[in-house]
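K.L.:
So you can see what is in the structure, the chains are spelled out below.
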Amino acid sequence: MAAVTIQNLQKVYGDFVAVEDMNLEVRDGEFLILLGPSGCGKTTTLRMLAGFIEQNTGKLEIGGRDITADPPYRRNIGLVFQNYALFPHLDIFENVAFGLRRRKLPEDDIKTRVSEALELVRLGHLEDRYPKQLSGGQQQRVAIARALAIRPDILLLDEPLSNLDAKLRLQVRDELRALQQALKITTIMVTHDQDEAMYVGDRLVVMQAGKIQQIGTPMELYNHPANRFVASFIGRTNFLAGAISAGDKAFVTNSGLTIETEQAECNHSELMVRPEMIELSATKTADANCFEAEITRSVFLGGNLEILATLATGDAFTVVTTIKSLTGAGLPAEVGSRLYVSFNRQSAVLM
Amino acid sequence: MVQGKTLAEHLGRLAVNLINGVGLGICVLPLILIFWLSVISNSVLSLPAEGYTLDWFSEVWRQPQFIDGFYLSAMVAVGATIIGMIVTIPAAIVLVRKRFIGRGAIMQLLMSPLIVPAIVIGASLYMTLVELEVRTGLPATGSLTGFIAGHVLLTIPWCVRLLTANLAGLNEVVEEAAASLGASPFAVIWKVTLPLIRPGIMAAAIFSFVVSFGNLEVSMFLSTPGQLTLPVAILQYLQWKIDPTIAAASVMQVTIIGLALIITNRFVNLSRMV
Ligand SMILES: Nc1ncnc2c1ncn2[C@@H]1O[C@H](COP(=O)(O)OP(=O)(O)O)[C@@H](O)[C@H]1O
Ligand SMILES: [Mg+2]
Numbered sequence: 001m002a003a004v005t006i007q008n009l010q011k012v013y014g015d016f017v018a019v020e021d022m023n024l025e026v027r028d029g030e031f032l033i034l035l036g037p038s039g040c041g042k043t044t045t046l047r048m049l050a051g052f053i054e055q056n057t058g059k060l061e062i063g064g065r066d067i068t069a070d071p072p073y074r075r076n077i078g079l080v081f082q083n084y085a086l087f088p089h090l091d092i093f094e095n096v097a098f099g100l101r102r103r104k105l106p107e108d109d110i111k112t113r114v115s116e117a118l119e120l121v122r123l124g125h126l127e128d129r130y131p132k133q134l135s136g137g138q139q140q141r142v143a144i145a146r147a148l149a150i151r152p153d154i155l156l157l158d159e160p161l162s163n164l165d166a167k168l169r170l171q172v173r174d175e176l177r178a179l180q181q182a183l184k185i186t187t188i189m190v191t192h193d194q195d196e197a198m199y200v201g202d203r204l205v206v207m208q209a210g211k212i213q214q215i216g217t218p219m220e221l222y223n224h225p226a227n228r229f230v231a232s233f234i235g236r237t238n239f240l241a242g243a244i245s246a247g248d249k250a251f252v253t254n255s256g257l258t259i260e261t262e263q264a265e266c267n268h269s270e271l272m273v274r275p276e277m278i279e280l281s282a283t284k285t286a287d288a289n290c291f292e293a294e295i296t297r298s299v300f301l302g303g304n305l306e307i308l309a310t311l312a313t314g315d316a317f318t319v320v321t322t323i324k325s326l327t328g329a330g331l332p333a334e335v336g337s338r339l340y341v342s343f344n345r346q347s348a349v350l351m
Numbered sequence: 001m002v003q004g005k006t007l008a009e010h011l012g013r014l015a016v017n018l019i020n021g022v023g024l025g026i027c028v029l030p031l032i033l034i035f036w037l038s039v040i041s042n043s044v045l046s047l048p049a050e051g052y053t054l055d056w057f058s059e060v061w062r063q064p065q066f067i068d069g070f071y072l073s074a075m076v077a078v079g080a081t082i083i084g085m086i087v088t089i090p091a092a093i094v095l096v097r098k099r100f101i102g103r104g105a106i107m108q109l110l111m112s113p114l115i116v117p118a119i120v121i122g123a124s125l126y127m128t129l130v131e132l133e134v135r136t137g138l139p140a141t142g143s144l145t146g147f148i149a150g151h152v153l154l155t156i157p158w159c160v161r162l163l164t165a166n167l168a169g170l171n172e173v174v175e176e177a178a179a180s181l182g183a184s185p186f187a188v189i190w191k192v193t194l195p196l197i198r199p200g201i202m203a204a205a206i207f208s209f210v211v212s213f214g215n216l217e218v219s220m221f222l223s224t225p226g227q228l229t230l231p232v233a234i235l236q237y238l239q240w241k242i243d244p245t246i247a248a249a250s251v252m253q254v255t256i257i258g259l260a261l262i263i264t265n266r267f268v269n270l271s272r273m274v
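Chains as they are written, first to last, in full-length UniProt numbering: chain C, 1 to 351; chain P, 1 to 274.
Simulated from the structure, these hints should not be mistaken for lab results.
Each computed BS3-like pair below joins lysine-lysine, with the alpha-carbon atoms no more than 30 Å apart: (1) P:Lys98 / C:Lys59; (2) C:Lys111 / C:Lys132; (3) C:Lys184 / C:Lys59; (4) C:Lys184 / C:Lys167; (5) C:Lys132 / P:Lys98; (6) C:Lys324 / C:Lys284.
Just so we're clear, the structure is a prediction, and the values are computed from it rather than from any experiment.
Could you put together the complete structure from these sequences and hints?
P.N.:
Structure, rendered in structure tokens:
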């Protein structure tokens with residue numbers, strides 16, 4: 001178990017910057033997620049940590065130990081790959097024992113630690129099978145057991161759930177989270193799936209084009225996105241283009257709608273409102289921002305409803321609400337019905 | 001209309017089967033002929049058969065040059081196979097796993113004996129070895145070492161081809177997983193890479209054996225009186241006597257090569273490897 005420090009890490013391919021001057025502190029016992037669209041440099045970062053890609057510049061530390069110059073086999077890092085990467089010629093026991101044999105442990109210790117590791121992922125009964133005889137979910141759990149058996153300082157996972165079907169993905173995801181909580185092992189996981197990231201991560205590192213855009217808890221990223229990219233990548237958002245009207249704490253959209261906010265810095269040209277922060281009602285509310293609108297689209301999502309409410313100015317808000325709150329307010333969810341959209345000042349965030 | 005179409009289909013299928021059958025026949029005909037000729041009782045290799053006998057097989061055993069030739073061929077083939085593997089396994093791993101300048105050139109160089117006619121290789125080897133004998137006074141032609149050196153040239157391209165194909169199909173991630181678990185580069189090769197390319201190694205070894213065992217062109221130049229491989233011994237026998245003994249000797253050679261290929265096929269699907 002150890003904290004990880006990444007300093008000025010950089011990787012360049014020709015004149016293409018895959019990872020740009022990255023600085024990151026991963027706390028001891030933390031579950032950290034590298035999140036971002038495909039090609040943003042997540043895998044490159046992880047592989048530099050594991051020692052398979054040589055960085056152009058930068059320093060890497062695990063638990064205060066400088067590993068920058070260490071080869072992969074001396075880093076004591078547990079690694080889990082997207083396609084499991086089990087040894088097809090070895091049975092499950094020998095797969096998990098592989099790292100222990102490299103460490104020349106006595107046979108008895110190997111037996112104990114393999115059993116322990118396989119028990120962690122509840123696959124103790126499959127010791128004699130070969131990887132090909134296991135399902136994808138079982139193979140990935142073996143891969144996790146194999147990585148944990150060496151008692152690594154940190155655990156790295158690159159899209160570990162992407163090859164699993166939807167149902168299994170949720171199951172292995174839950175197990176992974178529970179396991180990490182129980183062992184308190186410092187873990188860095190790469191994913192492009194926002195839900196997955198928010199579900200398992202203590203903190204998320206949002207990356208784009210080789211650069212860290214923002215680091216924070218899921219809640220922080222949702223409520224206070226640092227920029228438009230983070231706002232659109234984490235959760236869903238209504239963006240409105242416009243400008244701060246001089247003097248007041250108000251934002252005027254390009255179509256002339258005035259929205260009251262808490263902030264008043266002038267250098268913002270965009271305002272964001274989360275769909276979940278908007279309330280629908282039959283009558284005018286006391287909220288600072290309340291506008292009359294018409295439902296122009298209504299999508300039933302089972303429990304939730306996604307409604308597009310369009311104002312007379314042409315501005316439109318996507319609103320996510322529950323059936324219960326709609327019927328409670330006596331509102332028909334049909335296209336064409338008129339209602340009020342409202343949200344408070346805090347929910348109108350300048351970008 | 002419909003009937004015409006099915007007729008065309010029938011004809012097409014018939015044509016394909018016919019071509020396949022003729023092709024296969026042409027391939028197997030020499031084999032059948034050799035087996036047949038080895039059991040006819042004519043004292044000269046000719047048709048029609050006057051009767052049938054297995055005497056020619058015992059005749060082979062009475063000819064010392066066939067027995068010695070068989071023994072020498074086997075020794076050379078085993079030696080060339082072992083040395084060829086020792087050279088090409090590391091070469092194939094480096095060629096597939098590393099990117100370096102001149103990689104393509106080295107690959108071409110290793111494959112080049114396939115392009116040069118074997119008889120040219122034999123002739124040039126002969127000249128080189130004779131030169132070596134003159135300079136050092138050591139016997140090079142007719143020596144086991146000389147034969148093996150010559151035959152390794154023939155086995156290398158096959159080994160490189162088979163091993164690189166097998167290695168390229170191997171997912172590198174598995175090797176990375178091994179390294180992350182603490183395996184040194186040597187341990188990765190020993191514990192993961194080599195076990196995983198075992199089919200390729202088996203195929204390469206058996207192919208080497210077959211290529212060397214059946215080779216005539218190179219061996220012809222390297223042979224000295226009393227030091228003949230089986231194919232050269234058969235050729236020499238043919239020069240003064242044409243009787244079914246050579247057919248019987250050929251049957252024995254074909255059987256050994258055939259067995260080798262059948263064994264290989266148990267380990268790897270040959271039609272997919274070559
Ligand atoms: N060996 C390479 N040569 C050139 N470009 C590369 C190489 N490896 C990765 N890249 C580029 O670097 C970028 C980041 O890749 P990667 O870290 O794999 O992204 P991801 O976030 O999807 O894991 C991609 O645009 C990719 O095309
Ligand atoms: Mg990736």
